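Asks: My request is simple: use the sequences and hints to build the entire structure.
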Amino acid sequence: MSPPPAPTTTATVPQQTQNSNNNKVSLITIARRIVAGMDRNELIKKDVDGDTVLHVSVCRPNCLYLVQALLERLNREGLDDMINAQNYMGQTPLYLAVSSNHHKVVQLLIEKNADVNPFAE
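Numbering-wise, full-length UniProt numbering puts 85 at position 85 of the sequence shown, and it's gapless, one number per residue.
Simulated from the structure, these hints should not be mistaken for lab results. Just so you know, these numbers come straight off a predicted model, no measurement behind them. The C-beta atom is built at its ideal place from N, Cα and C for all residues, glycine as well. Any given hint might turn out to be false.
As the list claims (entries may be wrong) - Quick list of the computed label-pair ranges, beta carbon to beta carbon:
(1) ALA120 - SER99: 16 to 24 Å
(2) SER26 - GLY50: 32 to 40 Å
(3) ASN117 - VAL25: 32 to 40 Å
(4) PRO61 - VAL25: 15 to 23 Å
(5) ALA36 - CYS59: 30 to 38 Å
To be verified - 27 Å max Cα-Cα, derived DSS-like pairs, lysine-lysine:
(6) LYS104 - LYS45
(7) LYS104 - LYS46
(8) LYS112 - LYS45
(9) LYS112 - LYS46
Replies: Structure, rendered in structure tokens:
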């Protein structure tokens, strides 16, 4: 008796896509829960360099879902202007995301109305 035929590639693609989508949903859910547990003051607090949690988050690898969750929370709190907050070196979260080469984070920040030229008058 011969072994059963190996599954075809087309049969596994939908499962892989479904798993990928489930992972994305899980990661954004986890990020939202983390951000939901933060005190409002933690969202606006600056460290010794003037960086907010958004500044720090955009510099981290694999930070897209955390940044998305932070932006959602900032919006709910009426803190949309934090997207353009400058640290003590004049760097915005968008500037830091570009410097960190995080293309998807850059795209997200621009979609959420980050100022692409904060020094223009």
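Asks: Evaluate each hint against the coordinates.
Replies: Against the structure, the hints come out as follows:
no.	hint	in the structure
1	ALA120 - SER99: 16 to 24 Å	19 Å, holds
2	SER26 - GLY50: 32 to 40 Å	33 Å, holds
3	ASN117 - VAL25: 32 to 40 Å	35 Å, holds
4	PRO61 - VAL25: 15 to 23 Å	20 Å, holds
5	ALA36 - CYS59: 30 to 38 Å	22 Å, violated
6	LYS104 - LYS45	25 Å, holds
7	LYS104 - LYS46	24 Å, holds
8	LYS112 - LYS45	21 Å, holds
9	LYS112 - LYS46	21 Å, holds
Hint 5 from the earlier list is the only one contradicted by this structure; the remaining hints agree with it.
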